[in-house]
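Protein chains in written order, with full-length UniProt numbering: chain A, 1 to 177; chain B, 1 to 301; chain C, 1 to 360.
Careful, some of the hints might be misleading.
Below, computed lysine to any residue pairings styled on SDA-like, alpha-carbon distance capped at 20 Å [said to hold, decoys possible]:
no. : chain 1 : residue 1 : chain 2 : residue 2
1   : C       : Lys22     : B       : Glu70
2   : A       : Lys166    : B       : Ser38
3   : C       : Lys228    : A       : Val4
4   : C       : Lys337    : A       : Met170
5   : C       : Lys320    : A       : Val4
6   : C       : Lys333    : A       : Ile106
7   : C       : Lys228    : A       : Arg132
8   : C       : Lys208    : A       : Leu53
9   : C       : Lys125    : B       : Asp109
10  : C       : Lys320    : A       : Ser67
11  : C       : Lys333    : A       : Asp130
12  : A       : Lys166    : B       : Lys83
13  : B       : Lys71     : C       : Met36
14  : A       : Lys161    : B       : Asn195
15  : B       : Lys71     : C       : Ile6
16  : A       : Lys28     : C       : Lys176
17  : C       : Lys22     : A       : Pro131
18  : A       : Lys161    : B       : Tyr111
19  : A       : Lys161    : B       : Gln239
20  : C       : Lys125    : B       : Tyr48
21  : C       : Lys229    : A       : Arg27
22  : B       : Lys83     : B       : Leu147
23  : A       : Lys166    : B       : Ser285
24  : B       : Lys169    : A       : Gly72
25  : B       : Lys71     : C       : Leu8
26  : C       : Lys320    : A       : Glu119
27  : A       : Lys166    : B       : Asp109
28  : C       : Lys229    : A       : Pro131
29  : C       : Lys229    : A       : Val4
30  : A       : Lys166    : B       : Asp100
31  : C       : Lys208    : A       : Val51
32  : C       : Lys125    : B       : Ser38
33  : C       : Lys229    : A       : Asp130
34  : C       : Lys320    : A       : Leu53
35  : C       : Lys208    : A       : Pro131
36  : C       : Lys333    : A       : Arg132
Simulated from the structure, these hints should not be mistaken for laboratory data.
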Amino acid sequence: MNDVKDRVQAALSQTGEEPLIEWRSDRKGVLTGWCRLGEAALILPAAEALVGLEGRLSTITAYLTDSARQRGVREIAYHFDLDGTTLTVTIELPLEDARVPSLTMIFRNADWNERELMELYDIQVTGHPDPRRLFLDKSIEPAAFERLIPFSTFTNGAASKALWNKVMTMSGTEKAA
Amino acid sequence: MATAPKNLSEPLLQLYRINAGSCNGCDVELATTATVASFDVERIGCSYTESPAEADIVLVTGPLTVRVREKVLRAYGEVPEPKITVAVGVCPISGGVFRDSYAVDGPVDRYLPVDVNVPGCPPRPQAILAGIEEAVLLWRARRDGVLPPPVASQPHPEKGAVSTGVRGKMDFNPAACVGCRMCEHVCAGGAIRFNEEFTGLRFTLWHNSCVFCGLCRHYCPTGALTVTDEWQLAHRQDQKYHLTTQGIMPYAPCSGCGELLLPVAPELLRVAFRGTGREIDRLKSLCTECRQKQSIGGRRR
Amino acid sequence: MTPSIITLGPHQLALEEPMYFKVELEGDTVVGLDVMAGHVHRGMEHLVMKRNLYQNITLLERLCSLCSNSHPSTFCTAVEDIAGIVVPERAEYLRAIADEIKRISSHLFNCAIMAHIIGQGALFKNVMQIREIMQETKEAIYGNRMDLAANCIGGVRYELTPELSMYLGQRMELMKAPLDELYRIYTTDPAIRVRTEGLGVLPRQEAKDYAVVGPVARGSGIAYDVRKKSPYGAYDRLNFLVATETSGDVRARASVRLREAQESVSLIEQCLTRMPDGKSCADILPEIPAGETIAKSEAPRGELIYYLSTDGSDMPARLKWRVPSYMNWDALKVMLKGERVTDIPLIVNSIDPCISCTDR
């Protein structure tokens, strides 16, 4: 089984599920794989299986789109690199009290990614060795993205408004054509 | 360079840099003014210091993130009076593309007095030097307790001298504008506004929020926006909100019902039809409703 | 001996940007490190969701000015993939040219600062002066010395006229001898070797465990380069070597960067020779349907990855990226362990850290 598709399929089936993987090849022949796990906790065995394929954790994307919110879920996509092929494994979590296991024991570079999950989203990472804030100043409330998304309801253009008021009053009428 | 002739009897003025959360573009360009011979700040009577207590002139870059605010203010406070502050790049001046983020607390003049602004993203070293020269003039005036000299009547001495395609400030031609607002839509810096006024549609571009990327020109369907090579935009703080380009697209009455409308710009007709004929000339002065009525009424098939 | 803890900031670390380290010392030997990030955190992942796809081209270019072109070009590639836009071949070459020009400038800036830290003032100024050839070139072709504004959805929005192509070719010719000379100096000069050889070593296995990327990985013998592993744009038609070293020290990483700068000159020349005539941008205002995709590129500091999800509007449903520097900070723990406190700035500089990229 030299084909990366077969190897990934076999590896992920070690989770006890037979996940459906969608493979796409771009015009240069670069392959990306996309799959969803039935249970969030399966990300741990999935990661263990992928490390066996010399996989590397590229990054982790948490997101909360309007459509997912309507379904009552949030999503996290884990992006793995397999020597140039990118595999995205997505899990779904509840909106409230979302928890994922830390992958730091398998991929130590999950560390910062998971700290970001905790400070930007309302997600708990269980078993994280160092769950401190990473980027956000202590004066900023936690789960910053959570409060600010969706953006349709968030219109904090206060700084812009103040500046433009000055621009229009100080130069607006003076230069009227 | 522009204004201040170097006075050999004066000691070098000390410049202190504060990074208030910048993308590093302005900082890297400031580094060239310490290392590259042709941009050397010593030529204009300055040198860099690592110690705020020794500084005369403060150069601030970045939009002032929440996280650095206290550190920035502390460093600024350590610089003795008289001091002159230069905002380098549009981020400290207006927040630039980062304005309205939860993590950004600028513009910096909310927290400390700014004397000179150097727009650009990043400004070229020549523009930064011009801003520092202005700061030197202001510093001497403040030290001597006199009014600063008036702004030079020819503020752009090198304009036209540069034959390169430097992306400088944008220019706007109201006669070509169709009011589609695509420029406003694509502008990351929020530098463009349209206002519906009694006599017409007003276009305003605030150069202190513009990052000179020219995307507005790229997406403008009629070429109403152009990039000029005017890069020398350093100015004193009292000019901050005056640095605009404006234009009015006057309304005209519909030739059918008299309702005020924005007439179709000739440029749009050129783009759409590569020229106009009598029929188009007749339809173009009509409002949408009258146009529908008349063109349906006059439909030939 | 009782460990002591000191805090180092940008001035002590010779960084252009604010980043702070808590360093645990035994005597003057480093035994532990904590990286305190976030000072340049501008909330960009949040901002991009408030801005439409067009605004994000310009916003992302301001993530970091040293690798500024990599962001809009990779982001645009993601949008194009979702929209099924075929970028004209000429635009692929023009994108590669912009990326390689930025790579040379970025690598030279890092090497310049390295000379500064070692105390080689004349070399520092010399490298900055050589880098000026690139800065002038960028300004002449793109209109700005840092932010090129080269990319748009569907291709590029700059053109190389025959005159500009010839000019760029001449500028590349001008770079060759200085780059050869710098490579010789940085790899053989005794004063530099004594400061850089065997310093800040990241062995190959640790490089894998820490998942480092770019010249940091290649300096430790990992021949990973996105341009080869996941070819994009014009790179599947260009010839270049992936520079690697095995010693994993400060010298190795500098050597990789300088060889890459030489390769970049060759890549730009190949682009100029092979670039066909034709359009430089596909349809200017494409429909962008709902979809999700991954786009990757080899930025100056290594693998850059973008994830984009769209919902059929021109606002992103989710836009996430991970910069190469993000992967490399943690490996400093390995590189610094057991080294002297005075060598910290040199070792930190050797990962060519980008703070504005990391903090976003």
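Consistency of the hints with the structure:
1. Of the pairs offered as hints, the one joining lysine 22(C) and glutamate 70(B) holds, with about 19 Å between alpha carbons and a cut-off of 20 Å not exceeded.
2. Taken as a hint, the lysine 166(A) and serine 38(B) pair is broken in the structure, with Cα atoms around 38 Å apart against an allowance of 20 Å.
3. A distance of roughly 17 Å separates the Cα atoms of lysine 228(C) and valine 4(A); the hinted pair therefore holds under the 20 Å criterion.
4. Taken as a hint, the lysine 337(C) and methionine 170(A) pair is broken in the structure, with Cα atoms around 58 Å apart against an allowance of 20 Å.
5. Straight-line distance between C-alpha atoms of lysine 320(C) and valine 4(A) comes to about 25 Å, which puts the hinted pair past the 20 Å bound.
6. Our distance criterion of 20 Å between C-alpha atoms is met by lysine 333(C) and isoleucine 106(A), whose separation comes to about 18 Å.
7. Restraint check: the Cα-Cα separation between lysine 228(C) and arginine 132(A) comes to about 37 Å, which exceeds 20 Å; the hinted pair is violated.
8. Restraint check for lysine 208(C) and leucine 53(A): the C-alpha separation of about 13 Å stays at or below 20 Å, so the hint holds.
9. Restraint check for lysine 125(C) and aspartate 109(B): the C-alpha separation of about 34 Å exceeds 20 Å, so the hint is violated.
10. A C-alpha spacing of about 18 Å is found between lysine 320(C) and serine 67(A), which places the hinted pair at or below 20 Å, so the restraint holds.
11. For a cut-off of 20 Å, the pair hint linking lysine 333(C) to aspartate 130(A) stands: about 15 Å separates their Cα positions.
12. For the hint linking lysine 166(A) to lysine 83(B), the alpha-carbon distance of about 26 Å lies beyond 20 Å, and the restraint is violated.
13. Of the pairs offered as hints, the one joining lysine 71(B) and methionine 36(C) holds, with about 14 Å between alpha carbons and a cut-off of 20 Å not exceeded.
14. Between lysine 161(A) and asparagine 195(B) the alpha-carbon distance is near 14 Å, which keeps this suggested pair within the 20 Å criterion.
15. Proximity of lysine 71(B) to isoleucine 6(C) is assessed by CA-CA distance (about 18 Å); at most 20 Å being required, the pair is judged to hold.
16. Annotation: proposed proximity of lysine 28(A) to lysine 176(C) is violated, straight-line Cα distance about 31 Å (limit 20 Å).
17. Only pairs whose Cα atoms come within 20 Å are accepted, and lysine 22(C) paired with proline 131(A) is accepted, the gap being roughly 17 Å.
18. Distance hint between lysine 161(A) and tyrosine 111(B) is fulfilled; the C-alpha atoms sit about 18 Å from each other, no more than 20 Å.
19. Restraint check for lysine 161(A) and glutamine 239(B): satisfied, since their Cα atoms lie roughly 19 Å apart, inside the 20 Å limit.
20. At roughly 15 Å between alpha-carbon atoms, lysine 125(C) and tyrosine 48(B) fall within 20 Å of each other, so this suggested pair holds.
21. Using a Cα cut-off of 20 Å, the hinted pair lysine 229(C) and arginine 27(A) holds, with the two alpha carbons roughly 14 Å apart.
22. Taken as a hint, the lysine 83(B) and leucine 147(B) pair is honoured in the structure, with Cα atoms around 15 Å apart against an allowance of 20 Å.
23. As the CA atoms of lysine 166(A) and serine 285(B) are separated by approximately 36 Å, the hinted pair breaks the 20 Å bound.
24. The suggested pairing of lysine 169(B) with glycine 72(A) is violated, with an alpha-carbon distance near 48 Å, which exceeds 20 Å.
25. Pair hint lysine 71(B) plus leucine 8(C) holds up; C-alpha atoms about 14 Å apart against a cutoff of 20 Å.
26. For the hint linking lysine 320(C) to glutamate 119(A), the alpha-carbon distance of about 16 Å falls within 20 Å, and the restraint holds.
27. For the proposed pair lysine 166(A) and aspartate 109(B), the alpha carbon gap of about 14 Å is at most 20 Å, so the pair holds.
28. For the suggested pair lysine 229(C) and proline 131(A), the alpha carbons sit about 34 Å apart, so the restraint of at most 20 Å is broken.
29. Proximity of lysine 229(C) to valine 4(A) is assessed by CA-CA distance (about 14 Å); at most 20 Å being required, the pair is judged to hold.
30. As the CA atoms of lysine 166(A) and aspartate 100(B) are separated by approximately 16 Å, the hinted pair is consistent with the 20 Å bound.
31. A distance of roughly 11 Å separates the Cα atoms of lysine 208(C) and valine 51(A); the hinted pair therefore holds under the 20 Å criterion.
32. The straight-line distance between the Cα atoms of lysine 125(C) and serine 38(B) is roughly 12 Å, inside the 20 Å bound, and the hint therefore holds.
33. The hinted pair formed by lysine 229(C) and aspartate 130(A) fails the criterion: a straight-line CA distance of about 33 Å is larger than 20 Å.
34. In summary, the hint linking lysine 320(C) to leucine 53(A) is not supported, as the alpha carbons are separated by about 25 Å, beyond the 20 Å threshold.
35. Using a Cα cut-off of 20 Å, the hinted pair lysine 208(C) and proline 131(A) is violated, with the two alpha carbons roughly 23 Å apart.
36. Simply put, lysine 333(C) and arginine 132(A) have alpha-carbon atoms about 18 Å apart, close enough for the 20 Å limit, and the pair holds.
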